[in-house]
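Peer 1: Take a look at the letters that make up each chain.
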Amino acid sequence: MKETTNKIWIGWLAFLFIVVHFSFIIIYAFPATISHSKLKAFATPYVEPIFAQTWGMFAPCPTVNSTIEIKFYFENDSTEWDNPVTDAANRHSYLRGSHHGEIVLAASNLYYWLSLDLNMLNVTIGDDFPTDRMAEFYDGYSYYKIQNFIRGNGWYLYDSKVESALIRFYLEDVVSGEEGMITLPKFYLN
Amino acid sequence: MLKRIPEIFLRPFPYWEKIEFFRKILYVFLLFNAITLLPIAHELFSYNGIVGSVGWNTNYPWYEQGSRALLNVLNHPVNSNHPWIAYCFVYGQIALLISGLLNFLPRLTAVLLYFVTANLFVKGYLMFTGGEALISILLFYLIFIQQASGKQLKNGAPQFSVLQNVLNNTFYWVVIIQICVLYFFSTLYKLIDPYWVNGEALMHISKVDTFSSSAMYVLFADHPLLSMIGTYAVLLYQGVFPILVWFKRIKIPFLMIGVIFHLSIAFGMGIFTFGVIMILTYVLFLDQHHIHWIKKRILRK
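Chains as they are written, first to last, in this note's numbering: chain Z, 1 to 190; chain U, 191 to 491.
By construction, these hints were calculated from the structure, which means they are not laboratory data. Some hints could be false.
To be verified - Listed next, the stretches of chain U that the computed footprint assigns to chain Z, with coverage defined by at least 3 CB atoms under 8 Å from CB atoms of chain Z:
| id | stretch |
| --- | --- |
| 1 | 197 to 209 |
| 2 | 219 to 230 |
| 3 | 240 to 246 |
| 4 | 316 to 323 |
| 5 | 356 to 367 |
| 6 | 384 to 394 |
| 7 | 454 to 462 |
Said to hold, decoys possible - A short, non-exhaustive set of chain Z residues, derived as facing chain U with CB atoms under 10 Å:
| id | residue |
| --- | --- |
| 8 | 29 |
| 9 | 48 |
| 10 | 89 |
| 11 | 93 |
| 12 | 111 |
| 13 | 156 |
Keep in mind it's a predicted model, so treat the numbers as computed, not measured. C-beta atoms are modelled at their ideal positions from N, C-alpha and C, and glycine is treated no differently.
This is chain Z alone, in the form it adopts within the complex:
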């Protein structure tokens, strides 16, 4: 009899675990506009990093076509403006499931992180980069990601160490049709 009661308690504990586990996940996952920031802060230590997940899945809907171009400067040489993912994008268009898709995603995700910083700097398509606000850019989401992207692509595409680089993003808003190019200040990689 006692053993049966103990087993029932184990069953209830398992149920309680599921309730608590998903309560934390649900509190964490609710959009910021609906959730309370204090509640989310309470759930975060439990959820991150093991149960963290992107919940939006194309929400907000992506509406900007971005193309990256980089001008690499090596110790004794430099390149023309070049889109580092052109080849991968071409192959990805007919070869789904290969590693080319990841390279294309890297460029797209890089623009996503930059767009968060551009929003913070109140930069819209067609504006110049506000060079007087570099300190904020350094502290933003994208600066070091872009630096890594340049350095890594220098090795990947040219097998050379990049000394510095210029990077620009050609942007097209697919809803409004607005187009523009934003060139970031030169990146030094030493």
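Here the structure of chain Z is known, so what remains is to put chain U in place on it, guided by the hints.
Peer 2: Coordinates of chain U only, in the frame set by chain Z:
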């Protein structure tokens, strides 16, 4: 009703065959994924690759960072001068997947596979999508669903200890609920986005090169009506998934619609890993005889 709740977790684990089948196809897909990523392993996973490092928290020693440090091993500065560490993870993952497929030391393999895979996916975040995060979470849950130590019931089903049995039942439901929660929030986030609500989302996404293809462009870019039908169909499917997937009569046709939906994400939009992993999770919603049917087809028995 109340008496049935603990019973769900205490009854002899009835889904062993299904979960083992799911584990195997997940491992096969992960193996395919790991091999296809080998040509860019350095760019993805090494400290000085294209993705680079997200950094290491130097304010706290690693043992005070908890699970964050455990899943951030490849971003530690020591990797900068020791690129072989990343390659140990890359080839370790492949070896562990093979070990898992061969059922060699399954408990240890499950733990190590989670550790290695989660670290790789955290390291390569810039080239990944929600699919990789979902794989990490599923691998973590699968650590707790383990086989019996050779004992069998009279009907040939494996026999588990009381604790292992409760863990198996519990984490089986955790995996199932995780998928339903994923669909619920995916719908919720879309419902607060104006382009999903007004039915234009697919039209706009089809014009964004990274997430489109020529077929998708032809279908949706200049056809607002088709876009509206497609957008609302996606919203409807995702929104009703956590409910309709439990109705036995309509489950199979409903999941077939989901397979088509996720195949179009994998091939039409090019988000391959996410599209495929979602289809694989549908195995968990099938009944036993469906699993038998699929296994027979695969093994051609």
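Peer 1: Take the hints in turn and mark each one as holding or not.
Peer 2: Hints and how they fare:
Residues of the stretch 197 to 209 of chain U lying with their CB closer than 8 Å to a CB of chain Z number 4, which satisfies the three-residue condition for coverage. With 6 residues bearing a CB less than 8 Å from a CB of chain Z, the stretch 219 to 230 of chain U meets the requirement of three and the coverage assertion stands. Counting residues of the stretch 240 to 246 of chain U whose C-beta lies closer than 8 Å to any C-beta of chain Z gives 5; at least three are required, and the coverage claim holds. With 6 residues carrying a beta carbon less than 8 Å from a beta carbon of chain Z, the stretch 316 to 323 of chain U meets the three-residue requirement, and the given coverage holds.
For the stretch 356 to 367 of chain U, the stated coverage by chain Z is satisfied: 6 residues place a CB nearer than 8 Å to a CB of that chain, which reaches the threshold of 3. For the stretch 384 to 394 of chain U, the assignment as covered by chain Z holds, since 5 residues bring a beta-carbon within under 8 Å of that chain's beta-carbons and 3 suffice. Three residues within the 8 Å Cβ limit are the bar, and the stretch 454 to 462 of chain U against chain Z gives 5, so the coverage statement holds. Because the smallest distance between the Cβ of residue 29 (chain Z) and any Cβ of chain U comes to about 5 Å, under 10 Å, the interface hint for this residue holds.
Below 10 Å, beta-carbon pairs count as interface contacts, and residue 48 (chain Z) has one with chain U at about 7 Å; its hint therefore holds. Annotation: residue 89 (chain Z) was flagged as interfacial toward chain U, and the flag holds, the nearest CB pair being 7 Å apart, inside 10 Å. Because the smallest distance between the Cβ of residue 93 (chain Z) and any Cβ of chain U comes to about 7 Å, under 10 Å, the interface hint for this residue holds. Residue-level restraint check for residue 111 (chain Z) holds (minimum Cβ-Cβ distance to chain U is 9 Å; threshold 10 Å).
Because the smallest distance between the Cβ of residue 156 (chain Z) and any Cβ of chain U comes to about 5 Å, under 10 Å, the interface hint for this residue holds.
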